[in-house]
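Asks: One letter stands for each residue in the lines below.
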Amino acid sequence: MEAVRRGRREGQDALVCRYAERVFAMIVRQVSDVMDAEELAQDTFMKAFSHIDSYDPNKASLSTWLCRIAYRLTLDFLKRHHPPIIPIEDSEVWQTDISDEQLESELSSGREERIQRLQEIIDELPDEERMLLTLHYFEDRPLTEIAYITGIEPGPLANRLYRTRKKLLLKLKD
Amino acid sequence: MNERYKDTDLREALRRKYADSPKLPADFMTKMRQQTKPEPARKVTLWRWVAAAACLIMIIGIGTTIFPLGDTKGSGTSVSKRTDGSLTAKQGKSESDAYSPIVRPARTVSPPCPDSQSALPGLVVQTVRTNDNKASKVDGSVTKAPAQPIVEPVAVDENLHYAAYVPAEDSTYQAPSRMDEFIAKMADYNKVKAVTLDCIPDDGGSTVVNTAYVFEDKQELDLFGRLLQAACWYDSKTPGYLLTFSHQQFFFTLKDLRKNEKYLWIAERIIGGRILLYSTHSPIEANVSSACFQEYREQLTHTNFSTLQF
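Protein chains in written order, with numbering that gives the first Met the number 0: chain A, 0 to 173; chain B, 0 to 309.
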């Protein structure tokens, strides 16, 4: 870290070597084009090098901090390049009264058709919600860490996750 | 808050979705190293310096073309030489002053600047430029002054106009006889003959000189105007000074204490588009009246103009 702070080459190389794969994987899951993902990963590291002084080890690990940068760059990129996705009606979601336990039960059926259908529905979700699901279920990050990455407070973040799961269930039942 | 939902279907869906995600390209590190190399930044900086230097050279080139280098030598120092012999050096002139159009850049050879008073009276040296910046002592203080200054003399003839006449020898004395000389020249130029009047003064003396002229009252002659100009040569404190004039008459008297004479000039518009100018001078103590002039005027006004001998 000290070498990175001083702008020394060996420190930067070490940082890239250690975290490049993780950062790139996070980006490429959201950005279909490899070249774009690679460029975003490079931008992530360049931004990290130039803002290394703003990193606070007490708040998050270096990996999480890099993911936070990558998340924002990816989200900006998607907003610029992807056509806007028409969201599922929130009113319909909120009108449906369903508990966490019911949701967990519905989304843990183990049925093949539901899994395949979920793959399709995930692609229909807005970028932020899809990334939220990816961070929580695929990367298995706790909500506090996701809150740091996304910049959303943990409470609202939990509500957003609940709402997204409910969206998926409603779509599954359509 | 840290609870994790099982949602196994969702997890499996995501796992399958991202199972065949592309791996990190092998040359990623190489590309990152290229991106983090400081050389490109140096190149940009270097190009900026090169561009700045090119612009500077262009500006200098244009400046040198417009203003030749010879002019800039010795700039900032100028010396003024006056007729009273005082030599003043001026420093701290701006560059624009050095390039002022008044300074003629083609001038390379200059006459030596005399240390003493100028030999030519009335000559005013206005501008001096320098060929180098050698220091010399001026007015007791060492200032930058030229070894061979370029002098641009401007001669001013202060007597170009009569009204601006300044006597060369005795500035305090103006002889009243000059008035007569001026009138005589004017009459000669306009081919007007001077008529000597034989008037005997009251005391019987014969030293009174009376002369009369009859001018045509022409716009181009403007006799009254010229007489007034001549009267302005004299200070109002001159002995015997008396000047009155109107559209009809000009009356002027002076005394010359050196020659013990008094002078009188009377000009009057008379019929026939003429101006009668009467000039007389006599000893101061002589009793002179205007009767002679009045007689002559009566004679003119009652005589056919064409019969007069000019």
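Hints are computed from structural coordinates only; laboratory data are not their basis. Mixed in with the good hints, there may be bad ones.
Below, in silico cross-link-like pairs of lysine-lysine (PhoX-like), each with a Cα-Cα straight-line distance of 25 Å or less [stated by the list, open to error]: (1) A:170 with B:5; (2) A:172 with B:16; (3) B:217 with B:192; (4) A:46 with B:30; (5) B:5 with A:78; (6) B:258 with A:78; (7) B:236 with B:254; (8) B:184 with A:46; (9) B:192 with A:170; (10) B:30 with B:16; (11) A:46 with A:78; (12) B:184 with B:254; (13) A:172 with B:190; (14) B:236 with B:258; (15) A:170 with A:78.
Asks: For every hint, state whether the structure bears it out.
Replies: Do the hints match the structure? See the list:
The hinted pair formed by residue 170 (chain A) and residue 5 (chain B) meets the criterion: a straight-line CA distance of about 19 Å does not exceed 25 Å. For the hint linking residue 172 (chain A) to residue 16 (chain B), the alpha-carbon distance of about 21 Å falls within 25 Å, and the restraint holds. For the proposed pair residue 217 (chain B) and residue 192 (chain B), the alpha carbon gap of about 17 Å is at most 25 Å, so the pair holds. At most 25 Å may separate the alpha-carbon atoms for a hinted pair to count; residue 46 (chain A) and residue 30 (chain B) meet this at roughly 15 Å.
With a C-alpha separation of about 30 Å, the suggested pairing of residue 5 (chain B) with residue 78 (chain A) is violated against the 25 Å cut-off. Only pairs whose Cα atoms come within 25 Å are accepted, and residue 258 (chain B) paired with residue 78 (chain A) is rejected, the gap being roughly 114 Å. Straight-line distance between C-alpha atoms of residue 236 (chain B) and residue 254 (chain B) comes to about 11 Å, which keeps the hinted pair within the 25 Å bound. With a C-alpha separation of about 101 Å, the suggested pairing of residue 184 (chain B) with residue 46 (chain A) is violated against the 25 Å cut-off.
Distance restraint check for residue 192 (chain B) and residue 170 (chain A): the Cα-Cα separation of roughly 134 Å exceeds the 25 Å cut-off, and the hinted pair is therefore not satisfied. For a cut-off of 25 Å, the pair hint linking residue 30 (chain B) to residue 16 (chain B) is broken: about 28 Å separates their Cα positions. Taking the CA atoms of residue 46 (chain A) and residue 78 (chain A), the gap is about 19 Å. The hint holds against a cut of 25 Å. Annotation: proposed proximity of residue 184 (chain B) to residue 254 (chain B) holds, straight-line Cα distance about 21 Å (limit 25 Å).
At roughly 134 Å between alpha-carbon atoms, residue 172 (chain A) and residue 190 (chain B) are farther apart than 25 Å, so this suggested pair is violated. For the proposed pair residue 236 (chain B) and residue 258 (chain B), the alpha carbon gap of about 17 Å is at most 25 Å, so the pair holds. For the hint linking residue 170 (chain A) to residue 78 (chain A), the alpha-carbon distance of about 24 Å falls within 25 Å, and the restraint holds.
Taken one by one, the earlier hints fail for this structure at numbers 5, 6, 8, 9, 10 and 13, listed in ascending order.
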